[in-house]
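Undergrad: Protein sequences appear in the order of chains V and U. Okay, so the first sequence: first residue is 1 according to the numbering used here, each after it adds one. Okay, so the second sequence: first residue is 1001 according to the numbering used here, each after it adds one.
Hints may contain errors.
[To be verified] Sample of chain U residues lacking proximity to chain V, with all beta carbon distances greater than 10 Å (derived): (1) W1008; (2) P1019; (3) L1054; (4) D1060; (5) D1062; (6) H1068; (7) A1125; (8) M1126; (9) T1131; (10) I1137; (11) A1146; (12) E1161; (13) T1165; (14) N1213; (15) A1218; (16) E1242.
[What the hints assert, rightly or not] Derived pair list, reagent style SDA-like, types lysine to any residue, alpha-carbon separation capped at 20 Å: (17) U:K1009 <-> V:K2; (18) V:K226 <-> V:S205; (19) V:K2 <-> V:R43; (20) U:K1215 <-> U:T1243; (21) U:K1229 <-> V:K62; (22) U:K1010 <-> V:K268; (23) V:K2 <-> V:E27; (24) V:K204 <-> U:N1003; (25) U:K1006 <-> V:I266; (26) V:K197 <-> U:K1229.
[What the hints assert, rightly or not] One side of the interface only, derived from the structure: several residues of chain U facing chain V at Cβ under 10 Å: (27) H1015; (28) K1016; (29) F1017; (30) C1018; (31) A1024; (32) T1063; (33) A1168; (34) S1178; (35) S1221; (36) F1224.
Simulated from the structure, these hints should not be mistaken for laboratory data. We treat Cβ as the ideally placed atom computed from N, Cα and C, and that holds for glycine.
This is what each chain is made of:
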Amino acid sequence: MKKILIAGEGGQGAQSVAEILARAANEQGKETTYIPNFGVEQRGGVSLAFLQIDDKPIGYPKFDQADIVVAMCNRAIEQIKKFINDNTLLIYDSSFIDDDKIKTLRPLVKKYLNLPAKAIAQKGLSLKVANIIFLGALSHELGDLTAGEIRIAMNNQFKSHPEFQELNEEAFDEGLKYAKERPDQEFIGSKPSEIQKIFEDDVKSWERFPEYCKGCGLCIISCPQKAITFSDDLNFLGTNLPEVDLKKCLACEACQKICPDGAIKITKKSS
Amino acid sequence: MNNLPKSWKKETLPHKFCPGCGQALALKILGYAIDELGIQNQAVYGTDIGCSLLSWNMFDVDTIQTHHGRATPTMVGFKHAKPEAVAIAFMGDGGGYAIGAQHLINACLRDDKITVILINNANYAMTGGQTAPTTLIDEITTTAPAGRKIEDFGRPIHGPEMLKTIAADGAYIARCASNDFEETLKYIKKALQNQIDGRGFSFVEVLSMCPVNWKKNAQGSLDFIEEMKKVYPLGEIKVPEETK
């Protein structure tokens, strides 16, 4: 009997991971239930996936104590607290969840795996497959299911996009490898204060707000000078933040006007 | 601090709209319009069902959330009870043109002194991108996988043009696109001013990006807005005589 809770921002792929595992378990003749839980938003907002795999029939698809909890984002931390007991294994993204947030869980957590999924995904892969790295790590922790069967279910799930198969396989292997080796075992998260927020020179400042930015890219397109590009820094949803080349920027405010989230502020300095 | 509209509630940020949503952009512009007209304490904001309800805690103004196009009659009632209020009904194309079309048409017919802002994103966005009255011909949606066909769904609705035929002399009707900041701000301010001056019904349709349900990136969504502009021409469709 395994009870697994996967929590992430809507759009990060928590539900896809749960669905792949549920299908893989079902293919092997296991009793399986999977039920998603999220708000009315199409993207964003905490999205929970309740997954149970058992040899005996399962009475109810939800549960209040989990064997494995996966935390993919900051806003999930509050919601997963009540599912953790002494035997729960916590798998969390140590490259994305803030240090002070994850430390609040320390008294509850006895077993954990700090998987820097976003950092692994950014190194040579794509941010889009960060959830598949979690899937790889989960496949190591789930003794009853073999990695090969989960891999087949994964490729079935995304068969309408064959161009991503290779990328998914690589991400899966990275997650599996990390979970096997467990190289880094300190219970820490990332330090968000390292993100540069203000870009400025003598005449203007260009400020970005990682707590508001959703990484839509409208600022990049609307810039007449092509001064804005995506950087490697991440916003609160775990997608890329924009950055500006001040040499090209004219402070025309086109990016500030088009930003639906109010995540850019331009200030002209009077000489 | 950030440069967001003063009428937005800072505590509720980040808001719940998707990345690249044009509706959030329209709401930001509405926030600036409320700021510039200085009506934050007079304004009352009625939001409808669909993605527009995600803005239920967005403004630091009195807010009512209703269902199925009834943001319009609720605001009409509010305006009758408190004529000095500035009543703003905000809804999507599903609420305004489909299930709640009767309310919109009758409010226009009675020339109620309220402002209606309607988001046209060519689908039902919150439920996952089904065909709406505003969906373009041959546009692919989840309920029209081969594209919208006239024989199945009829022709796309032209709301402002339809309302123009029944509007009274004092009505103000316009259409704009949310990625054009200046024009949208101008039209929304004019629509609110039309109500404040007591001239008549005012209506603004805002063409708006929906990258998630259109399955497009930021550039693709702006390109699709250009496609929409060919079907839904922008501009002021009806302006009261005295303000011309």
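Undergrad: Over 10 Å to the closest beta carbon of chain V is the bar; see if U:A1125 clears it.
TA: Since the minimum Cβ distance to chain V is about 7 Å, U:A1125 lies within 10 Å and the statement is violated.
Undergrad: Are all beta-carbon distances from U:H1068 to chain V longer than 10 Å?
TA: Answer for U:H1068: holds, closest chain V Cβ roughly 16 Å.
Undergrad: Between U:K1229 and V:K62, does the CA-CA distance stay at or below 20 Å?
TA: 47 Å, violated
Undergrad: Over 10 Å from every CB of chain V: does U:P1019 meet that, or does the non-interface label fail?
TA: The claim is violated: U:P1019 sits with its nearest Cβ about 4 Å from chain V, within 10 Å.
Undergrad: Hint U:S1221 vs chain V: min CB-CB distance below 10 Å?
TA: 8 Å, holds
Undergrad: Far enough from chain V: is every CB of that chain over 10 Å from the CB of U:A1146?
TA: 17 Å, holds
Undergrad: Tell me if the interface restraint on U:A1168 is satisfied: Cβ within less than 10 Å of some Cβ in chain V.
TA: It is violated, given that the least Cβ distance between U:A1168 and chain V is near 34 Å, above 10 Å.
Undergrad: Mind checking the CB of U:A1024 against every CB in chain V and telling me if the closest is under 10 Å?
TA: At about 4 Å, which falls below the 10 Å cut-off, the nearest Cβ of chain V leaves the hint on U:A1024 intact, so it holds.
Undergrad: V:K204 and U:N1003: Cα distance at most 20 Å?
TA: 15 Å, holds
Undergrad: With a cut-off of 10 Å, does the beta carbon of U:H1015 approach a beta carbon of chain V closely enough for the hint to hold?
TA: Given a least distance of 7 Å, the restraint on U:H1015 holds.
Undergrad: Classify the label on U:N1213 as holds or violated, using whether its beta-carbon is more than 10 Å from each beta-carbon of chain V.
TA: 7 Å, violated
Undergrad: In terms of Cβ atoms, is chain V entirely out of 10 Å range of U:W1008?
TA: 8 Å, violated
Comparing the model with each earlier hint shows violations of hints 1, 2, 3, 7, 8, 14, 15, 17, 19, 20, 21, 22, 26, 32, 33, 36; every other hint is respected.
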